[in-house]
Amino acid sequence: MNIVKYAALALALCLTACSPTTLKSTFNATDAAFINRKGTGTITGQAFLRRNDGMVVYAAGSEVYLVPKTPYSDERFASIYKGSKISYFGSTFKNDSAEYYNYTRKLIADGEGRFVFTDLAAGSYYLTTSVTWMVQYAQQGGWLMERVTVSNGQTSNVIMSGQ
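For the sequence shown, my numbering begins at 1 and goes up steadily by one.
The set of hints was computed from the structure by calculation and includes no laboratory data.
Accuracy of the hints is not assured; some may be wrong.
Derived lysine to aspartate or glutamate pairs resembling EDC-like cross-links, with alpha carbons at most 20 angstroms apart [stated by the list, open to error]:
#1 85 x 31
#2 85 x 99
#3 94 x 112
#4 85 x 119
#5 106 x 53
Cβ pair distances, simulated, as ranges [what the hints assert, rightly or not]:
#6 108 x 79: 24 to 30 angstroms
#7 134 x 24: 34 to 40 angstroms
#8 75 x 33: 27 to 33 angstroms
#9 106 x 82: 38 to 44 angstroms
#10 114 x 71: 27 to 33 angstroms
#11 30 x 157: 39 to 45 angstroms
#12 89 x 51: 28 to 34 angstroms
#13 79 x 30: 18 to 24 angstroms
Where a beta carbon is used, it is the ideal one built from N, C-alpha and C, also for glycine.
Make a model of the complete structure from these sequences and hints.
Below you can see the structure in the form of structure tokens.
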């Protein structure tokens, strides 16, 4: 009998976690426009996770996204990461803005999970990427996020490890 209760609770939690979120804020292109301006700031970084056995897995070949920090992206990232720097489940949004994706940059991390964004305008950004590996037939790992502020003429170095 207890196993049925626990199974029902687990199912309810899964369905709650999987249900689409309705965002309260709306995307404002003016808030995010600085990502498309040429600047002199740079972000260098490396993304990886440490497995339970101590082995390090890099974000080798993973897409790294740069997103301008705006009220809209703040709400999205708060929903996805819930105060953490790592997310295992992700989120979907009922009222997601298609235009939002036009105000991001993307590149591919190298074999050691390293990446460089150049010619950035001063401002605050979110970085996000995934680090995953397989254990038998089950995917492990998750999505990493860091907030970074860029100044003109400066290089910000970021380590993305979920810490």
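Hint-by-hint comparison with the structure:
Of the pairs offered as hints, the one joining residue 85 and residue 31 is violated, with about 23 angstroms between alpha carbons and a cut-off of 20 angstroms exceeded. Among the hinted pairs, residue 85 with residue 99 is inconsistent with the structure: their alpha-carbon atoms are about 25 angstroms apart, more than 20 angstroms. Of the pairs offered as hints, the one joining residue 94 and residue 112 is violated, with about 36 angstroms between alpha carbons and a cut-off of 20 angstroms exceeded. A threshold of 20 angstroms between alpha carbons decides the hint, and for residue 85 with residue 119 the separation of about 25 angstroms lies outside it, so the pair is violated.
A threshold of 20 angstroms between alpha carbons decides the hint, and for residue 106 with residue 53 the separation of about 31 angstroms lies outside it, so the pair is violated. Range check, residue 108 to residue 79: Cβ separation about 26 angstroms, and the 24 to 30 angstroms hint holds. A beta carbon spacing of about 37 angstroms between residue 134 and residue 24 agrees with the range 34 to 40 angstroms that was offered as a hint. Our hint of 27 to 33 angstroms for residue 75 and residue 33 is violated, since their Cβ atoms are close to 18 angstroms apart.
Taking 38 to 44 angstroms as the suggested C-beta distance range, the pair residue 106 and residue 82 does not conform, at roughly 24 angstroms. The hint said 27 to 33 angstroms for the Cβ distance between residue 114 and residue 71, and at roughly 31 angstroms that hint holds. Checked against the hint of 39 to 45 angstroms, the C-beta distance between residue 30 and residue 157 comes to roughly 30 angstroms, which is inconsistent with it. The hinted window of 28 to 34 angstroms between residue 89 and residue 51 is violated, with their beta carbons roughly 19 angstroms apart.
A hinted range of 18 to 24 angstroms holds for the C-beta pair residue 79 and residue 30, which are about 22 angstroms apart.
Violated hints, in rising order: 1, 2, 3, 4, 5, 8, 9, 11 and 12; the structure is consistent with all others.
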